[in-house]
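Peer 1: For reference, the chains in residue letters:
Number of protein chains: 4
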Amino acid sequence: MTTIGHLINGQLVTEQTRSQNVFNPATGEISKQLDLASAKTVEQAIAAAQNAFPAWRNTPPLKRARIMFRFKELLEQHADKICQLIGEEHGKISHDAMGELQRGIENVEYACGAPELLKGEHSKNVGPNIDSWSEFQPLGVVAGITPFNFPVMVPLWMFPMAIVCGNCFVLKPSERDPSSTLYIAQLLQEAGLPDGVMNVVNGDKEAVDALLHDDRVKAVSFVGSTPIAEYIYRTASANGKRCQALGGAKNHAIVMPDADMDNAVNQLLGAAFGSSGERCMALSVAVAVGDAAGDVLVGKMKEAMQKLKVGPCTDSGNDFGPVITRQHQEKVVGYINSAEQQGATIVVDGRHPNVPGHENGFFVGGTLIDHVTPEMTSYQEEIFGPVLQVIRVGTMQEAMDLIDAHEYGNGTCIFTRDGEAARYFSDNIQVGMVGINIPLPVPVAYHSFGGWKRSLFGDLHAYGPDAVRFYTKRKTVTQRWPSAGVREGAEFSMPTMK
Amino acid sequence: MTTIGHLINGQLVTEQTRSQNVFNPATGEISKQLDLASAKTVEQAIAAAQNAFPAWRNTPPLKRARIMFRFKELLEQHADKICQLIGEEHGKISHDAMGELQRGIENVEYACGAPELLKGEHSKNVGPNIDSWSEFQPLGVVAGITPFNFPVMVPLWMFPMAIVCGNCFVLKPSERDPSSTLYIAQLLQEAGLPDGVMNVVNGDKEAVDALLHDDRVKAVSFVGSTPIAEYIYRTASANGKRCQALGGAKNHAIVMPDADMDNAVNQLLGAAFGSSGERCMALSVAVAVGDAAGDVLVGKMKEAMQKLKVGPCTDSGNDFGPVITRQHQEKVVGYINSAEQQGATIVVDGRHPNVPGHENGFFVGGTLIDHVTPEMTSYQEEIFGPVLQVIRVGTMQEAMDLIDAHEYGNGTCIFTRDGEAARYFSDNIQVGMVGINIPLPVPVAYHSFGGWKRSLFGDLHAYGPDAVRFYTKRKTVTQRWPSAGVREGAEFSMPTMK
Amino acid sequence: MTTIGHLINGQLVTEQTRSQNVFNPATGEISKQLDLASAKTVEQAIAAAQNAFPAWRNTPPLKRARIMFRFKELLEQHADKICQLIGEEHGKISHDAMGELQRGIENVEYACGAPELLKGEHSKNVGPNIDSWSEFQPLGVVAGITPFNFPVMVPLWMFPMAIVCGNCFVLKPSERDPSSTLYIAQLLQEAGLPDGVMNVVNGDKEAVDALLHDDRVKAVSFVGSTPIAEYIYRTASANGKRCQALGGAKNHAIVMPDADMDNAVNQLLGAAFGSSGERCMALSVAVAVGDAAGDVLVGKMKEAMQKLKVGPCTDSGNDFGPVITRQHQEKVVGYINSAEQQGATIVVDGRHPNVPGHENGFFVGGTLIDHVTPEMTSYQEEIFGPVLQVIRVGTMQEAMDLIDAHEYGNGTCIFTRDGEAARYFSDNIQVGMVGINIPLPVPVAYHSFGGWKRSLFGDLHAYGPDAVRFYTKRKTVTQRWPSAGVREGAEFSMPTMK
Amino acid sequence: MTTIGHLINGQLVTEQTRSQNVFNPATGEISKQLDLASAKTVEQAIAAAQNAFPAWRNTPPLKRARIMFRFKELLEQHADKICQLIGEEHGKISHDAMGELQRGIENVEYACGAPELLKGEHSKNVGPNIDSWSEFQPLGVVAGITPFNFPVMVPLWMFPMAIVCGNCFVLKPSERDPSSTLYIAQLLQEAGLPDGVMNVVNGDKEAVDALLHDDRVKAVSFVGSTPIAEYIYRTASANGKRCQALGGAKNHAIVMPDADMDNAVNQLLGAAFGSSGERCMALSVAVAVGDAAGDVLVGKMKEAMQKLKVGPCTDSGNDFGPVITRQHQEKVVGYINSAEQQGATIVVDGRHPNVPGHENGFFVGGTLIDHVTPEMTSYQEEIFGPVLQVIRVGTMQEAMDLIDAHEYGNGTCIFTRDGEAARYFSDNIQVGMVGINIPLPVPVAYHSFGGWKRSLFGDLHAYGPDAVRFYTKRKTVTQRWPSAGVREGAEFSMPTMK
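Protein chains in written order, with our numbering: chain A, 16 to 513; chain B, 16 to 513; chain C, 16 to 513; chain D, 16 to 513.
Don't read these hints as lab results, they were simulated from the structure. Note that the coordinates shown come from a computational prediction; the quantities given were computed from them, not determined experimentally. Careful: at least some of the hints might be erroneous.
Since the list gives no way to pick out one identical chain from another, each pair is judged satisfied if it fits inside one copy or across any two copies.
As the list claims (entries may be wrong) - The list that follows gives simulated cross-link-like pairs (lysine-lysine, DSBU-like), each with its CA atoms no further than 30 Å apart: (1) K468 to K233; (2) K220 to K468; (3) K317 to K233; (4) K78 to K96; (5) K78 to K317; (6) K55 to K315; (7) K55 to K468; (8) K78 to K468; (9) K315 to K47; (10) K233 to K96; (11) K322 to K96; (12) K233 to K78; (13) K322 to K233; (14) K47 to K468.
Excised from the complex, chain A in its bound form (with noise of 0.2 Å):
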């Protein structure tokens, strides 16, 4: 079986001491092993990093970008092998792991503009004959802590704009799905970057604190649960890194009664199920305001997820795949028994899905629960399944009271067709990022992700013009040039001292 190890200086290595199963979620089986970093392991990648800094620090971001454009034809040329070992391991569907590809491949995209984003302000005349200007420098070697259910597009949000910036770069990839993450790390090697600059080291609570606790180590990216972002980004903090943490979400949606509904409705099908609800910005509650919406919604709703089709990744006719783990399985599960128990209406169950042949796979089916109300368990909580849980409300205010009593505020979307409910809406919600009529707003890569509340620590938003600002630190340089010297030819008798 397969062990997938780690890539440190340019090299793939493995330890073989500690070890872990990794499953095909499709099927229940185990696939591969997954070699665990010691803490020891990590610092020998911190150190390739810390090696590779001075001579790629100095090599001019255009060379830099060049780089990142070779990588981007590299995913290109390779999409499919990637999209494979996502599938594999992770179990999307490979229109939706080309999806995941194509996002990521615009943060390199972006990437490729590092010439123009690293520009600093120049001012002359700050004072009489003298000038300032500010540069943004690279902070050194950087670390990147990734989630499962996206391990191509989440880790190409960090390290493209890290290491275009000038940093050195430690990832640890997701121990679920890990493949995919190092097959694109090797991408880049070829693409013809330097050894040292980028290193994976695979691993679980060891590895990561290794990182969190490694004095070269100036900054840290992580994605994943706001539990584990919180203490992320605590540690980093005390540590003094530089830190940014994305946690958890409970993205809604308003549904208005002036909406064009059935826009609405093919919007958050896609949004609800794509990818098993496994999206930190999955839109996961529909709020309608009015029964009269709420009963198109719910009744639209419920014909058109009469056509979901749920099953392994080798089908690219399936909408969606497996969940991640057997856990997960369970956990989405008890939501919907929860949510059941106190008192909401499931109108589309899809705790028993029919997957024939794959009888062992990890699958929930797409799940439809009307009558939820604020108190239920799996209102409040992140389900990160196929579920989607209407809410009835009488007015639009109500609406966004509800959403911004929410601990989250990562992304939320209002369906309507008025400008005024749609400025009113974007303008006050207490949520970073928002969609009109658009139901997962994730910004383009030339703009940067972020929650708000409990959904994201930290100051500077991920990828984007944050990230620039996130992966460099600000040199202020003032400069005045004392005496006239050589020009006023007084001086040609240097040496100089008077």
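Starting from the known structure of chain A, arrange chains B, C and D on it as the hints suggest.
Peer 2: Coordinates of chains B, C and D only, in the frame set by chain A:
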């Protein structure tokens, strides 16, 4: 005796529970009493700010900026009064206080540009007929905690920009010299700021901790010593607040053999002894490259220091005044003693300054110490007094290694006329603010202030462009209008004609 | 009788060769004489500007900006006087003059941000150890030629930004109402501007041509009618000057059936009749989509117009005043006559306004014309009077085609509450300034003003960010320091001829 | 013999009415025929572009950029072929052609950043609940007219950025060496560009005039000689088109006595003789400050020039090739003759180069002329050949006055190691592109290219950030939603549930 209170919701209040003496450092006498805020009083200030927030956030940036225009006028009109208050409690000579005020006003001027600075990024067609843009929304209530050495300038680094971005502010000034700070807050009120947007609480650790632990406070800006900065940063971060905490410094100037030496000496004089060296950007170490340069430097410096005049702020002919407290005076003298004991040469000795009529004032004279080495206590720690130490090294690289080995990385400078030396230095030195023939490279208000290493905790620097980002949170909106609606005439029959 | 002269090199001068009458349009009487500058006088102004340039260009932007801060204060202090001068010569009611002044002051406020706006772009390592940056340097002497309808605001679009960028300015205001313009120039002088940086020459075509043909004038900003704009642009361009020339307009509002009609009527009232319609952004054509919308619009408009009050500026209860000259009054009435003759319906007729005590004033009352068609003369040409014409079309696309077919493309507006209609309109309409439920979409001072098609000749729009680029020339510096020199100690024995 | 045609609407076409010879300048032989477009053919190209515009403008910038990513790949893949085509018709040695191509590709790389570069500015609450933002919309059909000396690079300055901004393009390349230009246009087509977005017409003045007089062409970019640039600029401007027209140059290097002279000589060698001096940034005048510097410079230069190799592009060991035509060869030799006659010293004489086997080629050898004075014809006019002239002056100020007195202001350079001299020079010299120890200060692609004085007609420089502004028109939208509508429940009864 006057009791200095708090500014809460537009009203001056005192609590009269605990208080502390405020001294005139030039005479050593107690001049005023400072009311120390309890946690409860701090909470009232926070509540006032929170209450003022919704209306203030919705006030157009242009209107917010106009209050800053008016504030600038008032600061200029009342400059003498402000400088007098600074002098009485801090001891700073009037021309120096005026310089501090002027630097502070520059931050108000920058804040007047809020409408420009708050522009978000607008992208048409991120997808077909989909637009996306970013908004930089205020955080809510934010706090500032400021040091004694710039009772006017450092608060002005913070609250004008925070407020003009739409936030409400609670400021805790230094307990040593609170009057000028309180006074400028009252001027801002007079400029038309709505009650509650700007609040001042005087106090000690109880007040600080109340700010650090209140959930309504979304961000904390701090300037002070490194141990406290680290405490503030860790506590604020652990409590989910955004934080920037600026700490101590040990700023070196490299004096190259080709330097314009008369200019260098002239510059160092002000940079080392101005404001009694109680500046986080004070130039406290001169590193001479080559003994020849060292000898010339020390010789010229010694001569120039003959003319230095130390005395009370009431005589504007003085160059600098007393240090802030009796304890601090003793500490500075202790550092000079230690250098002498550890083998350095006291070239000019300021331990026993003669200030007739002010024998009880907290004065230390300008002191020059030669042949300092890196092992000496006086080199390793921040003295924060009118003491310039000279170290001699053989090469520029040695000088740079020395700087990079120090725990602080606030400011630094090189004196040279060689373009290559200047560029190599500014590129590679691990310090956030770099001067080329500029000994106090404090960035102008439209750039940002921040050291590296243990001189600053946080991602973003103080004032300037970074402050805009620090005092706002990014919201990204993505918008699509789903069907043609009224445009295509399908809904001509809507009953909208009123 | 007062003779209005010129401001040259800080001095008010008159030539007393040729002069022209200045009228009070509310009474029809001659109130002052205007001295008309010969080419020689214009050349003196240019020479003064040229002479002042070297020192002004080297004045730090922050210091230049501070004069603008002071200028803003003076404009506010003398607002009543300025508005009185506008009223006496232009006829504008005081609240309208105050609005004009306020809009002008916003441009001064924007100019206060010069240190931020003039920042260049700084790139480290465009090649190994090669840096490059851009500087935006002033052009030298630049000229402005401004129209009668905004004697204060339009000059303030130009000279504050030009001057704060480091240029010296020669302004030729309208010969109809020159006093307020000259007065604000004097206030700028009072604000501390060095002599010669700002100059005003009053005059006619001789003065204009002198400016257009003098090689020392590097750029010309013009606002006026399209034929003159075109002449100015061609002549200036042929003479190698940078030029932006803003011309005429025919601004349409589309009124959709779903519009908030009371709001639309209320908005249109001010936009069509304010300042007697003598604004290049006046809303002069309402395009009703559907006859139902048309009927409601005309009905409500007719009713609302009953309350319109036309009269002299001395009565602040009036809504608008006279037009600028007897000839212009006759021209406006002629357009109304032609519309009537060509078949349109005069719903409200302003051809014979009753202004007791001002029978000789140049008044035209608010006029509403329905059933206008594209062939009519009154539609094809710019009326520049208090006349609103209504066209009725069947669809929004027809309305947009109408707008796009017109030779002008200055401003336009849509009244709707439908997000999709608004977005489609703003995206596709061939007009430079677009309002959504905003009938006078004049960009705020921190954006830029400019029409499309034959409403503006030139690449860059007026004021705001574009003005910074217009009033500066880009210089790009690329720098490498070739050998280590003093840093490595090898070349201590300079001079360097090897 | 091959006939070179036009690329119109994705098709290669020829007209076969008029044609012109294309030469191999290394042999002097006719190698191909160039079909000369009539006005009618040009109009077909414009029509194709106009037709392609609506769909292309609506294509998301990210998709437009992706074609540029692919175009870059194709340019790299076919680099040898491109360089061969350049060599055959221009005569440039392959390493030089590769350098040209590489510089061109950098502009394609910059164009890949279109989504970032096209961002508008978004302002919330310019008034209460009023938002405003700017959009940078494409112009429509734009044209480029390019010179022989960079048949690949200069076109790549223009069309990638124009096209990625959403415009459609008609390019008229040089008639001397059109093949490489046409070939890269075909590669862009292959990269996936829709038909009609990019068109190439080959031709002479008839084609140029057709472009200048067609109303559908909204902007013209030109690079060539100053008289033609001026004609293009005047004609295009008079016809209401946006225009930037780059003309001639006379680029001086100041050689200071403290310069690193070996480096200076080495740099000057390439800058003066590379590409036979047929570059608008060629360094054609060296101004030595002091006779000592002059003697060293001329001595070292003479020595270094012994190794210069001139010959056909087929031998990559050559340093440079022939000039473009027989006429041009004679003109260059004529300038050398005139200098000799007017009293200058021909130090190295290239008038009779020995290129065995290529006796009919248009070769001129590297020529060094000393003791040139400002009155000489060879100094006053642009030679555009491999001729370096040396002028000797007494002071740096004299050198600068000389540069500023010349009609051109394209590029310039100073060789020094003194920071003050470099800063004074770059600040004050009236030249648009300034090098400090960089003899060819061509800005990198993410800055902008442009000379001052008679080297450029127009407001905005070529490529880089200025090109984004040049190839787009600003639209400013101001938006208010007037009443609460669906949000407040007043319109709940709307019949919108579909």
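Peer 1: Determine for every hint whether it applies to the structure shown.
Peer 2: We went through each hint and held it up to the structure:
no. : hint         : result
1   : K468 to K233 : both (25 Å within a copy, 10 Å between copies)
2   : K220 to K468 : both (25 Å within a copy, 27 Å between copies)
3   : K317 to K233 : neither (50 Å within a copy, 42 Å between copies)
4   : K78 to K96   : both (27 Å within a copy, 24 Å between copies)
5   : K78 to K317  : neither (53 Å within a copy, 35 Å between copies)
6   : K55 to K315  : neither (56 Å within a copy, 54 Å between copies)
7   : K55 to K468  : between (36 Å within a copy, 26 Å between copies)
8   : K78 to K468  : between (39 Å within a copy, 28 Å between copies)
9   : K315 to K47  : neither (42 Å within a copy, 68 Å between copies)
10  : K233 to K96  : neither (33 Å within a copy, 45 Å between copies)
11  : K322 to K96  : within (29 Å within a copy, 53 Å between copies)
12  : K233 to K78  : within (23 Å within a copy, 36 Å between copies)
13  : K322 to K233 : neither (49 Å within a copy, 46 Å between copies)
14  : K47 to K468  : neither (38 Å within a copy, 43 Å between copies)
The structure does not agree with the numbered hints 3, 5, 6, 9, 10, 13, 14 stated previously, though it agrees with the rest.
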